[in-house]
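Using my numbering, read the sequence shown as starting at 1 and increasing by one per residue.
No wet-lab data here; the hints were simulated from the structure.
Just to be clear, a hint being listed does not mean it is correct.
Computed cross-link-like contacts, SDA-like style, restricted to lysine to any residue with a CA-CA straight-line distance of at most 20 Å [stated by the list, open to error]:
id, residue 1, residue 2
1, K35, C11
2, K35, N20
3, K87, Q132
Each pair of labels, with its calculated beta carbon distance range [stated by the list, open to error]:
id, residue 1, residue 2, range
4, K6, S162, 30 to 36 Å
5, N20, N124, 39 to 45 Å
6, S90, E154, 16 to 22 Å
7, K36, I157, 25 to 31 Å
8, M37, I157, 28 to 34 Å
9, K158, E29, 21 to 27 Å
10, S161, E33, 32 to 38 Å
11, R110, V140, 16 to 22 Å
All values derive from a computational prediction rather than experimental measurement.
For glycine and all other residues, C-beta sits at the position ideal for the given N, C-alpha and C.
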Amino acid sequence: SKEELKVKLACENMPNIGSNLNSLEDVREFHSETKKMKKVGLCIDTSHIPPIHQIQPYSQTHLNSEYQPHFDKFRNIGYEYSYLICKYLSQAGEKLYHVHISDFTEDTSRKDHLMPGSGILAWNLILQTLSQMRYEGKCVIELRTEDCNLDNFEKSIKSLSSF
1 SKEELKVKLA CENMPNIGSN LNSLEDVREF HSETKKMKKV GLCIDTSHIP
51 PIHQIQPYSQ THLNSEYQPH FDKFRNIGYE YSYLICKYLS QAGEKLYHVH
101 ISDFTEDTSR KDHLMPGSGI LAWNLILQTL SQMRYEGKCV IELRTEDCNL
151 DNFEKSIKSL SSF
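With these hints in hand, go ahead and build the complete structure from the sequences.
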């Protein structure tokens, strides 16, 4: 008898040039094109979405007035990035097979793949989205090599558990 392999292929969103999955439209298109392929899905990496979109402070956008600096004080860029991540997760839908969990900051020396809770992302929104989707796949904490140790993984799990 023919045994079916229990292997699934998950394509990861990447911010680099040459990636086929670096926008919401790409995720939509991937979802549509692979709808009938039961073993092909997506891996969404939370640290790869902010570099793609690079949300600008209001003072660098179309708001040209003396009030621009005041808008930036009240803006929460972390929530804006988190909202984008939630849109990616929702767009992936049932094709979401895997999630790489890590935080992000705008500090250019150490931007991505940080311990959850140590950056600007709103984990309560992201985890709530996964819950509302009834996501049952794997979530993997993906840290930079220099941060990979038992203590940091325990801190990450504790931080995520608080949400």
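Can you let me know if the beta-carbon spacing of S161 and E33 is within 32 to 38 Å? Since S161 and E33 have Cβ atoms about 37 Å apart, the given range 32 to 38 Å holds.
Exercise. Confirm or reject the claim that K36 and I157 have a C-beta distance inside 25 to 31 Å.
Key: Distance hint for K36, I157 is violated at roughly 37 Å.
(request) For the range 30 to 36 Å, tell me whether the beta carbons of K6 and S162 fit it or not. (result) holds (34 Å)
Pair hint outcome, K35 versus C11 [Cα-Cα no greater than 20 Å]
holds (14 Å)
Discussion item. The hint says 28 to 34 Å between M37 and I157; measuring C-beta to C-beta, is that right?
Written reply: holds (33 Å)
Query raised in the report: Regarding K158 and E29, is the given constraint of 21 to 27 Å on their beta-carbon distance met?
Result: violated (38 Å)
**Asked** Does 16 to 22 Å hold as the CB distance between R110 and V140, or does it fail?
**Response** Holds: the Cβ-Cβ distance is about 20 Å, inside 16 to 22 Å.
Has the given pair, K87 with Q132, been kept, meaning a C-alpha gap of at most 20 Å? holds (13 Å)
Requested in this report: For the pair supplied as a hint, K35 and N20, confirm whether the alpha-carbon distance does not exceed 20 Å.
Outcome: holds (17 Å)
Status of the given 39 to 45 Å range, CB of N124 versus CB of N20: Since N20 and N124 have Cβ atoms about 31 Å apart, the given range 39 to 45 Å is violated.
(message) Given the hint of 16 to 22 Å, is the C-beta distance from S90 to E154 inside that range or not?
(response) violated (30 Å)
The structure fails hints 5, 6, 7, 9 (numbered hints given earlier, in ascending order).
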